[in-house]
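Start from the sequences and build out the full structure, keeping to the hints where you can.
Line by line, the protein sequences are chains S and L.
In this text, residue positions in the first sequence follow our numbering: the first is 1, and each later residue adds one.
In this text, residue positions in the second sequence follow our numbering: the first is 367, and each later residue adds one.
These aren't lab readings, by the way, just hints derived from the structure by calculation.
For glycine and all other residues, C-beta sits at the position ideal for the given N, C-alpha and C.
Careful: at least some of the hints might be erroneous.
[Stated by the list, open to error] Here are the computed lysine-lysine pairs in the DSS-like style, where the Cα-Cα straight-line distance is at most 27 Å:
| hint | chain 1 | residue 1 | chain 2 | residue 2 |
| --- | --- | --- | --- | --- |
| 1 | L | Lys888 | S | Lys109 |
| 2 | L | Lys711 | L | Lys846 |
| 3 | L | Lys854 | S | Lys109 |
| 4 | L | Lys852 | S | Lys109 |
| 5 | S | Lys28 | L | Lys888 |
| 6 | S | Lys269 | S | Lys59 |
| 7 | L | Lys559 | L | Lys437 |
| 8 | L | Lys854 | S | Lys28 |
| 9 | L | Lys913 | L | Lys1002 |
[Unchecked claim] Just a few of them, taken from the derived set where beta-carbon distance is under 7 Å, the chain L residues facing chain S:
| hint | residue |
| --- | --- |
| 10 | Leu859 |
| 11 | Asp862 |
| 12 | Lys870 |
| 13 | Ser885 |
| 14 | Ile889 |
[Claimed, not checked] Reference listing, derived: stretches of chain L covered by chain S, where coverage requires no fewer than 3 residues with Cβ under 8 Å from a Cβ of chain S:
| hint | stretch |
| --- | --- |
| 15 | 850-858 |
| 16 | 872-879 |
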Amino acid sequence: MMTIRMTAGETKSAMQSVVAEMYDKIVKGEPPTMTLPVRTKNNIGFDRKLGVYKYGKNKSVRDATSLGSAKQLLRALHIIEFIEDMIDSGKSSTLREMYYISESWGLGKFGSQNESNNLAEDLEIVTKCLREDFKLRPEEDGARIIGNLTLQERNRRGEWMRINARDDVGDSGYGVPYNVETEKIEFLEHDINFIMAIETGGMFDRLVENGFDEDYKCGLLHLKGQPARSTRRIIKRMSEEWDLPVVVFLDGDPWSFRIFASIAYGAIKTAHISEYLATPSATYLGITSDDIVAYDLPSDDLSKKDVEALNAELSDPRFADSWWQDQINMMLELGKKAEQQSLAKYGLDFVTDTYLPEKLAELGLA
Amino acid sequence: MSGIAQKLASNQKQVAISEFFEKNKHFLGFDSPVRSLITAVKEAVDNALDACEEARILPTIKVSVSKIDTKKDIIELVVEDNGPGIPQKSIEKVFGQLLFGSRFHAIRQSRGQQGIGITGVVMYSQLTTGKPTHVKSKIATESTAAVVDIGLDTRKNKATKSNAGREIWLHEDGEMKKHGLEVTTRMKAKYQKGRQSVWQYLRMTSIVNPHAEITFTDPDGEIHHWPRVTERLPGKVESIKPHPHGIELGQLQRMLTESSDSRLSVFLRTNFSGVSTRAAKELCSAAELDIKIKPKQTSPEQIRALLEAFQGERMFNGKPVKLLNPPTNCLSPIEEMLIKKGLSKTIDSRYATTMTRAPNVSQGNPYQVEVGLIFGGDMAADKPVEVLRFANRVPLMYQQGGCLLTKAIESVDWRQYGLDQAGGKGVPKGPAAILVHLASTNVQFTSEAKEALADNGEVMEEVRKAMLEMGRGLRKHLEKKKKMAKTKEKFELINDILPAIAAKSAQILDRPIPNLAGSITKIMSAVICETNNEWNKSTKSVDVSIKIYNYTARARAYTILATWPEKSGGLMTNNEHGGRKEATGVWAWKLDTLQPGENMTIAYSLEGLEKGDWTETDVFYRGSQEIIGAMKMDEKYLEEIRNQEKIMLELNSTASQPEENPPETPIIETVAAVIEPSIKPPSGQSTLFGGDQ
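This is the structure:
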């Protein structure tokens, strides 16, 4: 698996070509432009070679014929200048910091942080660089991991620090940093058979308390809801570099289905780097629509929004296979959804003693 | 001056209903402590304005409210005016007797109308505090002012007077006061702020009386001042005789019994408006009455028959008797320009439109509708618009929902004109205020409290029509504003953002800053017109600039036309581009060819106007390429203006006294009415700048 990391020089020259597109247009007597792929559900398609969903060929040209897009171009120039400065001075900043720094950009300042986040993503897409190449960090919370695996992380002093995610950490586990690339993290060794990604903190803590990681020789990873980029990236790296299966244990509702899709097939917003973030081999463990019935789980009625989300998923190319179609249709028929923790109906140990072993056995992992 | 004051007093007749008042004070606006104070201010201020108007004096009115006893809610009210004053011997009658007013029997547009006013205040004070009302009055022919305390004996329907005397009345600056009236009274009342308050009443009064200067000192000592914005007094109101269509049985009965005429036909001809000698005979015939019958001797059946003839229920030759309309010169509209000024001084706004409809007659009563709408500024966008209702220049502050004027506003679907309105019904929401003024010789209220106008289909339709016209004006304004905002954005793009993009990209690439001309043309790809109207304080004129930019790839040639207030006495100066008069109120300039990227400015000043008189110049063009910010000149439209000019010229050349009727005057009226068809109705309405200024 390739990783498309760029050197400082490559990053800069990729950004320079964005600037040159604008500059050359002005010289030619045209409105300056920035060309980028269309970033909607209609322009993502399955890349058979990579096994993930990627942006299609539809391009949109952002040109300076309206005040709004002209301002976007100017902001992009300011971001590029800011990133070049950071690269040169060896600094990095959070997206939020950049938003505040833009206060001093005069006409190029951002109206909201959402605007600056989106523009940073636009630049990633156009330059084929990564946020990490731009020295921009997200605010979002990274995942935590517990299990018998050992990696080394380069600390602030530039020294490699060896960490075993079972013996060297407390109950909260190993905190995944925003940058999980090789210059920051190296995987050393492990004694696990698979990785289990878990949606909620409550379930993660239940499995830790019950010693599930040791009993079933697995790494437990807390996703913290919709997983951050670094979380998806570290799952992918562990899966590929250690050749480990990944199972995903979520609530049984339409939103969990989407979380799974972003882990396994790629998210629409980050489809430009799907091959870098998505883990196509990941498996949805539960809660499935079948589980709700089979385990007679306490459930809630689907809300109107839930139903809309399920219907949208029926036409989402990422859920096109028959297994997903069945699960979605079944949930619609049931009109019910269930949380991971509803398994506690049968006692605190039911999930570790009965449910997970049964589900893992189906996959040949227990 | 004293002549007028004495004449007013001598017209008074008395009606004994002070007992009635005591029992029915709630009808008369004294039903709550808050309302009582407003009513008292209203009666005193209305009297002051009426007296000044009749004496042709520009009113300066001072109102002061102070709390005397907070526990018992005792308030002292002082209202001082610079009116003609009241002769000493008449003070007692004016203040002491109910329905003792010169206006009760004359038919004319006036504020108090039924004369119950100030006497009611004296009575209320007497009833709630036991204290008389202190009156100070000075007329011009006397050197000192008369002072007296007026109380009221409600059972005997008589005033009581005490402490009468004379004193020297000095202004604050030590000058002797020439004439005026000051009323000081204490009453049980509460001062309250807000929509229904003394403040609001005076504010509204000031809007419809732009010729008045009003100062109000509130109980906290805060001084509110509404300045005079015009030196022009309202037109003199003429009394008219009643019209047969508007008369009621009781009134007819009274007129007949009081008449000293010897024949019914003479009585009809001389006591009514709209009744010719022919009509008088026909009315008698329709009522099957002898024309020679003595009016005094008519029987109740005969009177009823006569009334039925008036109302067309009894016919002459199978048709109702044809009567002339009553004259409408008895009305005194505020007029568009002055309403605009009144509104603008009181409420901060971005857009103001006003309109005075032609006078009309309903049921024998002349009436006239005036409306105003202001939009934008500091007004709240999510609240119902402020409705300012007036009858004969008197603010109506209560019973908004039950009033004909409100119903007319509610009947318009304001959504199509840019205001929010749930379901297209009710009072619209938005940053706006709507003013409606009904001037009439006989305003019909829903009750004695005189706070809401009674339903009348004709008046309703008239108000509604005026609302629709104003709505169209508002929509046009909003559309123009939207277009201008877009244009402004484009200018920001090419003037600020594009140069910044060029400079920043050049800096990042370490290359020279490129020339922007080509990109600008491609981005704008239009001819753009920017118009600016600015009030110049030092020259007291409106400086207008019309800037045309050619941001297209080809050379362009245009004739630019602009409206200007020729009709209302504006003078165009410093017009260096010359040009020529295209029609009245429309000037035209033929521009030299504009090359791509070029721009040029037409600039001139408009003198002879006051601040706020002219804030929007409409710009038109002749030429093939559209100009953003200007309208394509509709030649049919201009042709129509010229036709009107020609018709008026011809009409005028047949007029007998060309020296006194210079041909321009009537033409201008008509032309201005045509230039702004979206605001002006086509017929002989008075124009944007009012009638006779």
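Could you check the structure against the hints above and give me the numbers of any it violates, in ascending order? none
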